[in-house]
Amino acid sequence: MDTAVHVRGLAKRYGALEAVRGIDLDIHRGETFALLGPNGAGKSTTIEILEGLRKRDGGEVSVLGADPHRPTRAWRARVGIVPQTAGDVAEVSVREIVTHFARFYPAPADPDEVIDRVGLAEKAKARVAKLSGGQRRRLDVALGLIGNPELLFLDEPTTGFDPEARRRFWELIRSLEATTILLTTHYLDEAEELADRVAVIAGGRIVAEGTPRTLGGRASDEATVTWADGQERTDTPTKTIAELMTRYDGEIPELRVTRPTLEDVYLRLVEES
Amino acid sequence: MITLSRAAFELKIFFRARDQVVFTFSFPIVLLVLFSAIFAGTLEGTAVTVSQLYAAALISAGILSVSFQNLAISIAVEREEGGLKRLAGTPMPKSAYFAGKVLSVLVIAAIEVALLLAVAVFLYDLELPADLAGWLTFSWVLVLGLASGSLLGIAASSLPSSAKSAAAVITLPFVVLQFISGIYIPFTELPPWLINVASVFPLRWVAQGFRSVFIGDGGVALEMARSYELGKVALVLGAWTVGGLALCLMTFRWKSRRDG
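Chains as they are written, first to last, in the numbering used here: chain A, 240 to 512; chain B, 548 to 807.
Don't take every hint at face value.
[Stated by the list, open to error] To list a few chain B residues with every Cβ distance to chain A over 10 Å, as calculated: (1) Glu628; (2) Ala635; (3) Pro638; (4) Leu683; (5) Val690; (6) Ser708; (7) Ala714; (8) Ile732; (9) Pro738; (10) Val747; (11) Gly785; (12) Leu792; (13) Leu796.
[What the hints assert, rightly or not] Quick list of in silico lysine-lysine cross-link-like pairs, BS3-like style, CA-CA up to 30 Å: (14) Lys641(B) <-> Lys364(A); (15) Lys559(B) <-> Lys369(A); (16) Lys802(B) <-> Lys559(B); (17) Lys802(B) <-> Lys641(B); (18) Lys779(B) <-> Lys294(A); (19) Lys779(B) <-> Lys364(A); (20) Lys641(B) <-> Lys559(B); (21) Lys711(B) <-> Lys802(B); (22) Lys559(B) <-> Lys779(B); (23) Lys779(B) <-> Lys369(A); (24) Lys711(B) <-> Lys369(A); (25) Lys294(A) <-> Lys802(B); (26) Lys559(B) <-> Lys294(A); (27) Lys641(B) <-> Lys711(B); (28) Lys641(B) <-> Lys294(A).
[To be verified] Covered stretches of chain A, as calculated for chain B (at least 3 residues, CB under 8 Å): (29) 309-319; (30) 337-350.
If you are wondering where the hints come from, they were derived from the structure by calculation, not from laboratory data.
It should be emphasised that the depicted structure is a prediction, and the values quoted were computed from it without experimental measurement.
For glycine and all other residues, C-beta sits at the position ideal for the given N, C-alpha and C.
Full structure from sequences and hints, please.
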């Protein structure tokens with residue numbers, strides 16, 4: 240499989256603070272990769288170094304075959320960026336700003352089509368100042384997509400969304416099948432919905448990496464069997480239930496079998512690090 | 548192409564802020580009307596009217612205001628709000644951003660100067676240059692004034708530490724500069740050390756250049772050097788344009804200070 244992002248030993252310090260302390264990453268073309276971690280863990284620093292918007296202090300980085308340390312215009316045209324915060328010009332309409340950004344790219348998407356794709360077709364003529372927070376965020380995504388990028392960076396794209404807006408946003412991201420996506424998020428359900436693979440970053444290091452199902456040994460973790468008057472942690476929950484069935488002679492009252500959620504695994508990983 | 552698109556976009560944003568447009572263009576006109584009402588008459592020993600003197604001075608202040616003050620404040624706000632960082636992440640050539648700014652300033656300045664000249668000519672008998680040489684001087688003083696003002700404005704946009712403080716941080720030095728550069732108070736009434744300070748900056752020289760165009764020989768006796776020193780005007784403004792460009796290239800930041 241072709242590699243879109245290749246990182247070895249990435250390091251960045253701000254004065255005495257070591258924000259990123261030796262990160263390795265490999266993101267394949269076409270995959271959606273989520274970077275999870277608490278505030279201040281080094282997520283945004285890492286993503287901005289890959290975007291060519293921040294200089295690194297050490298390590299090797301290759302993004303779409305080039306070092307983002309010195310980004311060229313041709314390279315920029317292949318990369319789309321949705322920054323964490325962007326309070327832009329308010330006195331132009333959605334269509335005007337998307338059309339304006341389209342002119343920066345050699346092979347842009349059709350502005351109206353992109354506006355429609357992010358669900359802002361009805362707001363195309365509205366001034367940016369009149370948009371709600373969620374609509375504005377979708378405009379950010381439109382501006383990230385207008386150049387038809389091969390690689391899209393999404394830095395906490397759904398912060399402040401209501402649940403319905405978040406679901407619509409997920410559908411949009413899922414529709415970008417050919418695009419490689421690097422996503423940072425605080426929401427574990429979002430990572431589980433969208434990401435092919437996730438990495439947890441804490442204290443400037445990657446503490447775990449895997450698919451959402453297997454992260455941190457999640458799939459092989461002990462299951463917890465709970466019933467009306469007992470609880471048991473076990474590697475063989477089916478056997479436990481069979482025993483309980485004979486004990487209760489049929490129906491087991493209030494039976495539940497749970498495995499750790501992505502959130503449980505995440506919190507454990509962050510705590511351990 | 549991208550440069551023209553940037554310039555058109557900048558102008559669109561400028562002209563949509565209606566109150567800003569009205570106040571930017573009326574500011575020097577209001578001052579001209581006000582000063583002409585307060586200080587009527589001619590200047591000692593010459594046929595130069597106070598209105599003519601203020602017209603030349605306020606054109607100078609006006610072009611520094613639409614270049615220096617306007618760019619320093621608007622770019623500071625753009626930087627703090629993340630607009631610059633977003634542009635830096637696109638394949639837009641960085642030069643197109645600056646060229647677009649300067650082009651939009653040229654258009655706004657042309658409108659401002661035309662309005663002010665119209666008022667001064669119709670109400671206060673300001674005489675437009677009679678020959679090509681006069682218009683030539685007018686053009687190069689205007690262009691060099693705008694170029695140095697724009698580049699210094701772009702450089703000064705890095706000074707404010709937040710979007711909220713931008714207007715305050717930029718306005719104070721600009722107002723001080725106007726007072727010591729002979730815009731509101733005749734230059735000859737200032738103490739020598741203040742004259743020396745003002746002579747370092749472009750505004751004094753822009754004003755001197757425009758006096759040579761609009762007042763001419765009749766007012767040359769009012770000048771400190773008994774001459775408009777056009778060679779010096781060109782030299783200082785040219786030096787500021789080159790120096791301003793160097794300053795921009797060395798200090799311009801696409802991200803806010805908090806963003807590192």
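Now the hints, each set against the structure:
With a closest Cβ-Cβ approach of about 4 Å to chain A, Glu628(B) is found to fall inside the 10 Å limit, against its non-interface label. Look at Ala635(B): its CB is around 6 Å from the nearest CB on chain A, not clear of 10 Å, so calling it non-interface is violated. Distance to chain A contradicts Pro638(B) as a non-interface residue, since its nearest Cβ pair spans about 4 Å, not more than 10 Å. The Cβ of Leu683(B) sits about 36 Å from the closest Cβ of chain A, beyond the 10 Å cut-off, so the non-interface label holds.
Every CB of chain A lies more than 10 Å from the CB of Val690(B), the least distance being 27 Å, so the non-interface label holds. The non-interface label for Ser708(B) is consistent with chain A: the shortest C-beta to C-beta separation is roughly 17 Å, beyond 10 Å. At roughly 17 Å from the closest C-beta of chain A, the C-beta of Ala714(B) stays outside 10 Å, upholding its exclusion from the interface. Here Ile732(B) stays apart from chain A, with its beta-carbon at least about 37 Å from theirs, past the 10 Å limit.
With 10 Å as the threshold on Cβ separation, the claim that Pro738(B) sits away from chain A holds: the shortest Cβ distance comes to roughly 45 Å. Once the 10 Å rule is applied to beta carbons, Val747(B) is consistent with being away from chain A; the minimum gap is 35 Å. Once the 10 Å rule is applied to beta carbons, Gly785(B) is consistent with being away from chain A; the minimum gap is 31 Å. No Cβ of chain A comes within 10 Å of the Cβ of Leu792(B); the nearest lies about 21 Å off, and the non-interface call holds.
Distance check for Leu796(B) against chain A: the nearest CB is about 16 Å away, which clears 10 Å, and the non-interface claim stands. At roughly 28 Å between alpha-carbon atoms, Lys641(B) and Lys364(A) fall within 30 Å of each other, so this suggested pair holds. A hinted pair counts as satisfied when its Cα atoms are at most 30 Å apart, and Lys559(B) with Lys369(A) qualifies at roughly 17 Å. Between Lys802(B) and Lys559(B) the alpha-carbon distance is near 24 Å, which keeps this suggested pair within the 30 Å criterion.
A distance of roughly 14 Å separates the Cα atoms of Lys802(B) and Lys641(B); the hinted pair therefore holds under the 30 Å criterion. A threshold of 30 Å between alpha carbons decides the hint, and for Lys779(B) with Lys294(A) the separation of about 43 Å lies outside it, so the pair is violated. The straight-line distance between the Cα atoms of Lys779(B) and Lys364(A) is roughly 52 Å, outside the 30 Å bound, and the hint therefore fails. For the hint linking Lys641(B) to Lys559(B), the alpha-carbon distance of about 20 Å falls within 30 Å, and the restraint holds.
Annotation: proposed proximity of Lys711(B) to Lys802(B) holds, straight-line Cα distance about 16 Å (limit 30 Å). Distance restraint check for Lys559(B) and Lys779(B): the Cα-Cα separation of roughly 37 Å exceeds the 30 Å cut-off, and the hinted pair is therefore not satisfied. Between the alpha carbons of Lys779(B) and Lys369(A) the distance comes to roughly 51 Å, so the proposed pair goes past 30 Å and is violated. About 21 Å separates the Cα atoms of Lys711(B) and Lys369(A), which keeps this hinted pair within 30 Å; it holds.
With a C-alpha separation of about 13 Å, the suggested pair Lys294(A) and Lys802(B) falls inside the 30 Å cut-off, and the hint holds. Simply put, Lys559(B) and Lys294(A) have alpha-carbon atoms about 34 Å apart, too far for the 30 Å limit, and the pair is violated. Using a Cα cut-off of 30 Å, the hinted pair Lys641(B) and Lys711(B) holds, with the two alpha carbons roughly 25 Å apart. A threshold of 30 Å between alpha carbons decides the hint, and for Lys641(B) with Lys294(A) the separation of about 18 Å falls inside it, so the pair holds.
Only when three residues or more bring their CB closer than 8 Å to a CB of chain B does the claim for the stretch 309-319 of chain A stand; here the count is 5, and the claim holds. Residues of the stretch 337-350 of chain A with a Cβ under 8 Å from some Cβ of chain B number 6, which satisfies the need for three, so the listed coverage holds.
Violation of the numbered hints given earlier is confined to hints 1, 2, 3, 18, 19, 22, 23, 26; the remaining hints are satisfied by the structure.
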